[in-house]
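Required output: the full structure, derived from the provided sequences and hints.
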Amino acid sequence: MNVHRIQAIFLRQLFLYKRSIPRLMGVLYWPVLDLVLWGFITIYLNQYRGGLPAFVSFFLGALILWDLLFRAQQGISISFLEDIWSRNLLNVFVSPISVSEYVISLMFVSLIKIILTATVSIFLAWLFYSFNIFIIGVSLLPLVLNLLLLGWAIGIFTTALILRFGSQAEVLAWGVAFLFQPVSAVFYPVSVLPYPIQVIAMWVPSSHVFEGMRTVVSGGGFPVKELTWALSLNLFYLLFATLFFFKMFKAVRVKGLLGKIGE
Amino acid sequence: METIVSVKNLKKAFNGFMAVDDVSFEIGKGEILGLLGPNGAGKTTIIHILLGLTIPTSGEIRIFDMELSKKRREILNYLNFSSSYVSMPLSLTVRENLRIFAMLYGIKNSKDKIDELLKDFEITDLGDKLVRKLSSGQVTRVCLAKALLNEPKLLLLDEPTASLDPDIADKTRRLLKRFRDERGLTILYTSHNMREMEEMSDRIVFLDKGKVIAAGTPDDVVKEFKKENLEEVFIEVARG
Numbered sequence: 022m023n024v025h026r027i028q029a030i031f032l033r034q035l036f037l038y039k040r041s042i043p044r045l046m047g048v049l050y051w052p053v054l055d056l057v058l059w060g061f062i063t064i065y066l067n068q069y070r071g072g073l074p075a076f077v078s079f080f081l082g083a084l085i086l087w088d089l090l091f092r093a094q095q096g097i098s099i100s101f102l103e104d105i106w107s108r109n110l111l112n113v114f115v116s117p118i119s120v121s122e123y124v125i126s127l128m129f130v131s132l133i134k135i136i137l138t139a140t141v142s143i144f145l146a147w148l149f150y151s152f153n154i155f156i157i158g159v160s161l162l163p164l165v166l167n168l169l170l171l172g173w174a175i176g177i178f179t180t181a182l183i184l185r186f187g188s189q190a191e192v193l194a195w196g197v198a199f200l201f202q203p204v205s206a207v208f209y210p211v212s213v214l215p216y217p218i219q220v221i222a223m224w225v226p227s228s229h230v231f232e233g234m235r236t237v238v239s240g241g242g243f244p245v246k247e248l249t250w251a252l253s254l255n256l257f258y259l260l261f262a263t264l265f266f267f268k269m270f271k272a273v274r275v276k277g278l279l280g281k282i283g284e
Numbered sequence: 000m001e002t003i004v005s006v007k008n009l010k011k012a013f014n015g016f017m018a019v020d021d022v023s024f025e026i027g028k029g030e031i032l033g034l035l036g037p038n039g040a041g042k043t044t045i046i047h048i049l050l051g052l053t054i055p056t057s058g059e060i061r062i063f064d065m066e067l068s069k070k071r072r073e074i075l076n077y078l079n080f081s082s083s084y085v086s087m088p089l090s091l092t093v094r095e096n097l098r099i100f101a102m103l104y105g106i107k108n109s110k111d112k113i114d115e116l117l118k119d120f121e122i123t124d125l126g127d128k129l130v131r132k133l134s135s136g137q138v139t140r141v142c143l144a145k146a147l148l149n150e151p152k153l154l155l156l157d158e159p160t161a162s163l164d165p166d167i168a169d170k171t172r173r174l175l176k177r178f179r180d181e182r183g184l185t186i187l188y189t190s191h192n193m194r195e196m197e198e199m200s201d202r203i204v205f206l207d208k209g210k211v212i213a214a215g216t217p218d219d220v221v222k223e224f225k226k227e228n229l230e231e232v233f234i235e236v237a238r239g
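The listed protein sequences derive, respectively, from chains A and B.
Just so you know, we're using our numbering here: the first sequence kicks off at 22 and counts up by one.
Just so you know, we're using our numbering here: the second sequence kicks off at 0 and counts up by one.
Calculated directly from the structure, the hints in this document are not laboratory data.
Don't take each hint at face value.
[Claimed, not checked] Listing some non-contacts, in silico: residues in chain A with all C-beta distances to chain B over 12 Å: (1) Ser78; (2) Trp147; (3) Ser160; (4) Pro163; (5) Leu182; (6) Ser188; (7) Ala190; (8) Val192; (9) Val204; (10) Phe208; (11) Pro210; (12) Gln219; (13) Thr236; (14) Ser239; (15) Tyr258.
[As the list claims (entries may be wrong)] Sample of chain A residues at the chain B side, in silico, Cβ under 8 Å: (16) His25; (17) Gln28; (18) Ala29; (19) Phe36; (20) Leu37; (21) Ser41; (22) Ser107; (23) Asn109; (24) Leu111; (25) Asn112; (26) Val115; (27) Ser116; (28) Pro117; (29) Ile118; (30) Ser119; (31) Leu279.
[Unchecked claim] The calculated lysine to aspartate or glutamate pairs, modelled on DMTMM-like cross-linking and capped at a C-alpha distance of 20 Å, are: (32) A/Lys276 x B/Asp21; (33) B/Lys222 x B/Asp201; (34) B/Lys10 x B/Asp207; (35) A/Lys276 x B/Glu59; (36) A/Lys271 x B/Glu59; (37) A/Lys271 x B/Glu66; (38) B/Lys110 x B/Glu121; (39) A/Lys271 x B/Glu73; (40) A/Lys281 x B/Glu158.
Even for Gly, the Cβ is constructed at its ideal location relative to N, Cα and C.
Now the structure itself:
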């Protein structure tokens, strides 16, 4: 593992974002827009909430956390696509960088993107709606960590598919995370889902994260059970996605597609 | 002469189609070998195999006396590649791009090395320009500068002068020959410009439908086909 090579890929993304307003907007624009929209909806619905406790916290907290997962996934998939779009992929893969170094550097890019997104979203939620996400307390850290791990797993899996099927699979980079949204129970408890979907949700780490968040906000304490489930599933999925990426990388080398994808 | 590249009985099949069919050749230190052939002859596939981007169906490849299938990453430290089909991140400046590749190849004092190469390719004034603002010929020269950053012992060039005007193409060829003479750089070269191949190559390997149909010095190959020059040989082979 060579730190300089990991730094190089990271620096390439940093240079890219520092002078690209559209790319920066991709990181900041949608989260802010979501926050403003859902913030107003929340304020409106809050007038009719009846017996539902901590309504604002449920919604805005869920919104901010969901966006972290989405950005974590995009941080990997879109960074990879940047190399395809600029016909630079061959230059990267004929250098001595290993596949592991490349994937790790994309994880760092993803981490920086979510720190940026989270900072802005958290600040605006506090400024506009007086919502302080830190009321979640120390549980916030493992909740975010689990979303980051799932975002990475989805991002690596998606990238492997793009590697194998080329630019026709690009759409996955934008849409795959949303496949997980209904079963992640982001804005509602898992119990409202039909039973077969509840069974699926049990195997989706983010559903445990959002259940955990609601437990904490409702005053239920540190969600040990939910976090244990989420972490175990995430480690399994991350391992699976990484092995899948290596398998696809080998497959495209056998099929001679690596040379074509970058051209 | 020290052998830098040794390819024996190389085969590559894609879904039953033989893109490379039992190809063997060697390249000695400081030699410029031209890979020649019509579209689909297997030139780019061979270059991609030598770079480890494509895994061959069978055959043995040794580079710097190391087996490519086992020591790919170690070998990649000492070789480099440029192609007219490959570009660089457009939203980065020339210097930023070269700095990133210098880091990927673990080059110390990269600033001096980058300055030297920009001067060699007469693109010093482009150093702080975004790649997207360059002409295709200028991008090609930046890519060639990148290919020489790590002072490779072996350079694989896939139609490197395709987008250069005749003046710059000539300067580029002279520069590559200078590197060969000064550093013993070994070059594997493809081009559809037959005059360029005659001028650059010490030896050529002529491919058609994945097979070697002729090999030797450009003069030998021209004589073997009883033609006046390589262009006539090429046309005869391409038209079957």
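Each hint tested on the structure:
The beta carbon of A/Ser78 is kept farther than 12 Å from every beta carbon of chain B, the shortest such distance being approximately 40 Å. Distance check on A/Trp147: its Cβ is at least 33 Å (rounded) from any Cβ of chain B, clearing the 12 Å threshold; non-interface status holds. Look at A/Ser160: its CB is around 39 Å from the nearest CB on chain B, clear of 12 Å, so calling it non-interface holds up. Non-interface status of A/Pro163 relative to chain B is upheld: no Cβ of that chain comes within 12 Å, the nearest being about 34 Å off.
With a closest Cβ-Cβ approach of about 19 Å to chain B, A/Leu182 is found to remain outside the 12 Å limit, as its non-interface label requires. Look at A/Ser188: its CB is around 15 Å from the nearest CB on chain B, clear of 12 Å, so calling it non-interface holds up. In this structure A/Ala190 is separated from chain B by more than 12 Å, as the shortest Cβ-Cβ distance comes to about 19 Å. Every beta carbon of chain B lies more than 12 Å from that of A/Val192, the smallest distance being close to 22 Å; the non-interface claim holds.
Non-interface status of A/Val204 relative to chain B is upheld: no Cβ of that chain comes within 12 Å, the nearest being about 37 Å off. The Cβ of A/Phe208 sits about 36 Å from the closest Cβ of chain B, beyond the 12 Å cut-off, so the non-interface label holds. With a minimum CB-CB distance of about 44 Å to chain B, A/Pro210 clears the 12 Å threshold, and the non-interface call stands. Once the 12 Å rule is applied to beta carbons, A/Gln219 is consistent with being away from chain B; the minimum gap is 44 Å.
Look at A/Thr236: its CB is around 44 Å from the nearest CB on chain B, clear of 12 Å, so calling it non-interface holds up. Distance to chain B confirms A/Ser239 as a non-interface residue, since its nearest Cβ pair spans about 46 Å, more than 12 Å. With a least CB separation of 28 Å from chain B, A/Tyr258 remains clear of the 12 Å interface cut-off, as annotated. Given hint, A/His25 at the interface with chain B, holds; its Cβ is 5 Å from that chain's nearest Cβ, closer than 8 Å.
Taken as an interface hint, A/Gln28 checks out: its beta carbon lies about 6 Å from the nearest beta carbon of chain B, inside 8 Å. With a least beta-carbon distance of about 4 Å to chain B, the hint placing A/Ala29 at the interface is held under the 8 Å criterion. Below 8 Å, beta-carbon pairs count as interface contacts, and A/Phe36 has one with chain B at about 5 Å; its hint therefore holds. A cut of 8 Å between beta carbons decides the hint on A/Leu37: the least distance to chain B is about 5 Å, and the hint holds.
For A/Ser41, the suggested interface contact is upheld, since its CB lies about 5 Å from the closest CB of chain B, less than 8 Å. This hint holds: A/Ser107 has a C-beta 5 Å from the nearest C-beta of chain B, less than the 8 Å allowed. Satisfaction of the interface hint for A/Asn109 is found here, the shortest Cβ-Cβ separation to chain B being roughly 6 Å, below the 8 Å cut-off. Nearest Cβ of chain B to the Cβ of A/Leu111: about 5 Å, under the 8 Å cut. The hint holds.
The beta carbon of A/Asn112 is positioned within 8 Å of a beta carbon in chain B (closest approach about 6 Å), and the interface hint is therefore held. At about 5 Å, the closest approach between the beta carbon of A/Val115 and any beta carbon in chain B falls short of 8 Å, and the interface hint on this residue holds. With its C-beta approaching chain B no nearer than about 4 Å, A/Ser116 sits inside the 8 Å limit, and its interface hint holds. Given the 8 Å rule on beta carbons, the hint for A/Pro117 holds: about 5 Å separates it from the nearest Cβ of chain B.
Nearest Cβ of chain B to the Cβ of A/Ile118: about 6 Å, under the 8 Å cut. The hint holds. Look at A/Ser119: its Cβ gets to within about 6 Å of chain B, closer than 8 Å, so that hint holds up. Interface restraint check: A/Leu279 against chain B, minimum CB-CB distance 5 Å, threshold 8 Å, status holds. Between the alpha carbons of A/Lys276 and B/Asp21 the distance comes to roughly 18 Å, so the proposed pair stays at or under 20 Å and holds.
Taking the CA atoms of B/Lys222 and B/Asp201, the gap is near 15 Å; set against the 20 Å cutoff, the hint holds. For the hint pairing B/Lys10 with B/Asp207, the CA-to-CA distance comes to about 14 Å; that is within 20 Å, so the pair holds. A threshold of 20 Å between alpha carbons decides the hint, and for A/Lys276 with B/Glu59 the separation of about 18 Å falls inside it, so the pair holds. For the hint pairing A/Lys271 with B/Glu59, the CA-to-CA distance comes to about 19 Å; that is within 20 Å, so the pair holds.
Restraint check for A/Lys271 and B/Glu66: the C-alpha separation of about 18 Å stays at or below 20 Å, so the hint holds. Proposed proximity of B/Lys110 and B/Glu121 is supported: the alpha carbons are some 16 Å apart, at most 20 Å. Pair hint A/Lys271 plus B/Glu73 holds up; C-alpha atoms about 18 Å apart against a cutoff of 20 Å. Among the hinted pairs, A/Lys281 with B/Glu158 is consistent with the structure: their alpha-carbon atoms are about 16 Å apart, no more than 20 Å.
Every hint, counting from the list given before, is met by this structure.
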